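*Asks:* Here the protein sequences come in this chain order: C, U and B.
Here the first sequence is numbered in UniProt numbering, starting from 1 and rising by one per residue.
Here the second sequence is numbered in UniProt numbering, starting from 1 and rising by one per residue.
Here the third sequence is numbered in UniProt numbering, starting from 1 and rising by one per residue.
No lab work stands behind these hints: they were computed from the structure.
Remember, it's a predicted structure, so these values are computed and weren't measured experimentally.
Among the hints, erroneous ones may be present.
Computed list of lysine-lysine pairs in DSSO-like fashion (alpha-carbon distance at most 27 Å, straight line) [claimed, not checked]: (1) U:197 - B:80; (2) C:80 - B:197; (3) U:80 - C:197.
Covered by chain U, per the in silico footprint, the following chain B stretches (three or more residues, Cβ under 8 Å) [claimed, not checked]: (4) 54–60; (5) 128–139; (6) 153–160.
C-beta: ideal position from N, C-alpha, C; glycine also.
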Amino acid sequence: MLLTIIYIIAITAEAMTGALSAGRRSMDWFGVMLIACVTALGGGSVRDVLLGHYPLTWVKHPEYLMLTCAAAFITILIAKWMRHLRNIFLLLDALGLIGFTIIGCQIALQMGHGFVVSAVAGVLTGVSGGIIRDILCNDVPLVFRRELYASISFVSVICYWICLEIGMPLELTVIFTLVFGFSLRCIAIYFGLEMPKFIYQDDDSDSASSTDRH
Amino acid sequence: MLLTIIYIIAITAEAMTGALSAGRRSMDWFGVMLIACVTALGGGSVRDVLLGHYPLTWVKHPEYLMLTCAAAFITILIAKWMRHLRNIFLLLDALGLIGFTIIGCQIALQMGHGFVVSAVAGVLTGVSGGIIRDILCNDVPLVFRRELYASISFVSVICYWICLEIGMPLELTVIFTLVFGFSLRCIAIYFGLEMPKFIYQDDDSDSASSTDRH
Amino acid sequence: MLLTIIYIIAITAEAMTGALSAGRRSMDWFGVMLIACVTALGGGSVRDVLLGHYPLTWVKHPEYLMLTCAAAFITILIAKWMRHLRNIFLLLDALGLIGFTIIGCQIALQMGHGFVVSAVAGVLTGVSGGIIRDILCNDVPLVFRRELYASISFVSVICYWICLEIGMPLELTVIFTLVFGFSLRCIAIYFGLEMPKFIYQDDDSDSASSTDRH
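Start from the sequences, fold in the hints, and give me the full structure.
*Replies:* As C-alpha cells, then:
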C-alpha cells in the first residue's frame with residue numbers, strides 16, 4: 001500500500017531530524033533514541049490520544065518503534081557526512097509532512113469526524129512531532145517561525161478534502177495531494193516563502209518582567 | 001445556559017491572551033492560531049484526556065475551534081489598540097478562570113469522581129491552557145510566579161463544593177461561585193497579593209552543572 | 001504487597017525532588033505542589049494515557065495525590081536541612097526509578113502487550129515524570145545528560161523480562177530486578193558512569209539562526 005511506504009519513509013526521515021536535534025544538544029545515546037521516537041511517532045500519538053483512537057500506532061506495530069531507534073542509531077554513525085545530505089533531508093521531510101498529514105486526515109475521516117476535526121487531525125499529525133522535539137530540546141518551536149510549513153499541511157488537507165468531495169478515487173486523491181503538497185513545500189523552501197508574522201510588543205516600562213503577562 | 005455563555009466568553013478571552021503571547025514571540029499567523037487554540041481549549045483537553053472523558057469538547061463542537069481561530073485573527077488585526085484594553089482583558093481572563101474551573105469540576109462530578117479528583121479537574125481546566133501556552137513560548141509558566149491565580153481556582157472549587165453539600169441548587173451555586181471567585185481574583189490583582197514563594201538554592205561549588213540535579 | 005510499598009516510597013521521593021526543582025525556580029507554594037505531583041505521578045499518567053489504561057492511578061487512588069502534596073509541603077518546611085540528606089535522596093530516587101520501571105512494565109504485560117511495548121512502558125514510567133518536571137521548569141531534560149539513568153531503567157526491564165521467561169516466580173523476579181537495577185544505579189552514581197554522547201554541530205555560517213534547522 002502506497003501510504004504505508006510513505007509512512008515508513010516519513011518516520012525514518014523524522015527520526016533522523018530528531019536525532020540531529022538531540023545531537024546539537026549533546027544528549028547521550030538514550031536521549032537521541034527518545035527524541036527520535038518522539039519526533040517520528042509523537043504527531044500520530046498526539047492525534048490518537050486527542051481523538052481517543054486506541055491502540056496507538058506504535059503500540060499496535062512495535063516494529064515502527066524499532067525502525068525509528070535503528071534510524072537514530074544509524075544517524076549517530078553517519079552524522080559526519082550528514083551535512084552533505086541536507087537537501088535530500090529537506091525533501092524527505094517534506095514528503096513526510098504531507099504523508100503524515102494525509103494519514104492523520106484519513107484516520108479522522110474514518111472515525112466519522114467532519115472537515116474541521118479531520119483538518120486539525122491532519123495538521124497535528126504533520127507538525128506536532130517536531131513541536132514536541134523542540135520543547136524537549138528547550139527551543140521555541142520553529143515550526144511557527146520558518147518558511148511555510150504548517151500552512152502547507154493545512155492546504156494539503158483542503159486539497160485532499162476537495163478531491164474526495166468531487167468523487168476522485170482514494171488512491172488517486174492520495175497521490176495527487178502528495179504531489180501537490182510536496183511541490184508547494186519545495187517552492188516555499190526554494191523561494192524562502194514565509195507566512196506573515198504577528199509582532200506584538202508591550203511598550204510598558206516594566207519590560208523585563210512583562211514578557212509574558214497573562 | 002449560563003455556563004455555555006461563560007464558556008464562550010472564557011475561550012474567546014483566553015484565545016486572545018494566547019495570540020498576544022505568540023505575537024510577543026513574533027510567530028507567524030499559523031503559530032498564532034495554534035497558540036490561541038491551545039490556550040483556550042488546552043485546559044479542557046488535558047482534563048478530558050486524563051479522565052478518559054471522550055470525545056473532547058472541540059471534537060464534539062468544532063465550532064468552538066473556529067471561534068478561537070476567529071478570535072486569534074481579530075487579535076492580530078486590533079493588536080495596536082489592545083494595550084488600552086488591558087484591564088478589560090484581565091477581567092475577562094478572571095471570568096474565564098472561574099468559569100473553566102466550575103466546568104471542569106462539574107464534569108468530574110458528573111463522571112462520579114470524589115472531591116479530590118474533581119478539585120484537580122477544576123484547577124487543571126482553569127490553569128493548564130496557560131501552562132501549555134507558556135511551554136510552547138518557552139517560558140517558565142508564570143501561573144506559579146504571579147498574583148494568586150491557581151490558588152483562587154482551588155478556593156473556588158472548595159466554595160462550589162460546600163455550596164452543593166449544603167444543598168444549594170446548581171444554578172445558584174454556579175452564580176455564587178462565579179461572583180465569589182471573580183471578586184477574589186480582582187482583589188488579588190488590585191492589591192498584588194501573592195502566594196508565599198519557596199526559594200531553594202544549592203550552595204554547591206559545582207553550581208553551574210547542578211542547577212537541576214535530579 | 002511489596003510493589004505498593006516501593007511505589008509509595010518512590011512517589012514520595014520523586015515529589016520531594018520535584019519540590020526542590022520548583023524551589024530552585026522560586027515558584028509559589030501552589031507551583032511547588034503541582035511540580036511535585038507531576039514529577040511523582042506524571043510518568044504513570046503518560047504511560048496510562050498512551051496505552052489507554054483508564055482510570056489513571058491517581059484518579060482511582062486520590063490518596064496518592066494527597067500524599068505527594070503532603071510530601072511537597074514537608075519539603076518546603078525542611079528544605080534547609082535537605083542538602084545534608086542528598087545521598088539518602090539519591091538512593092530513594094534510584095529505588096523509585098526501578099520501582100516505577102517494574103510497575104510500568106508489569107501493567108503493560110498485564111494488558112497483553114509484548115516485550116517492546118512493555119519495555120517502553122517501563123522506561124516511560126520511570127523517566128517521564130522527571131522529563132515533564134524539567135520542561136515545566138524550562139530546562140533541557142537532564143535525564144539525557146547525566147550518569148546512566150534511562151538506560152538503567154531499560155536494562156532493568158530486560159532483567160525483569162528474562163527472569164519471567166526462565167520461569168522465576170513473580171515475587172522473586174520483582175525483588176531480583178529491584179536489587180539488580182538499584183545496584184547498577186549506585187555503581188553508576190559512584191563512578192560517574194555516563195552513556196556515550198552524540199555531539200553534532202552544523203558548521204554553517206548562519207550559526208545563530210540554524211541551531212535547530214528542522
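*Asks:* Tell me, in ascending order, the numbers of any earlier hints that this structure violates.
*Replies:* Violated hint (a single one): 6; every other hint is consistent with the structure.
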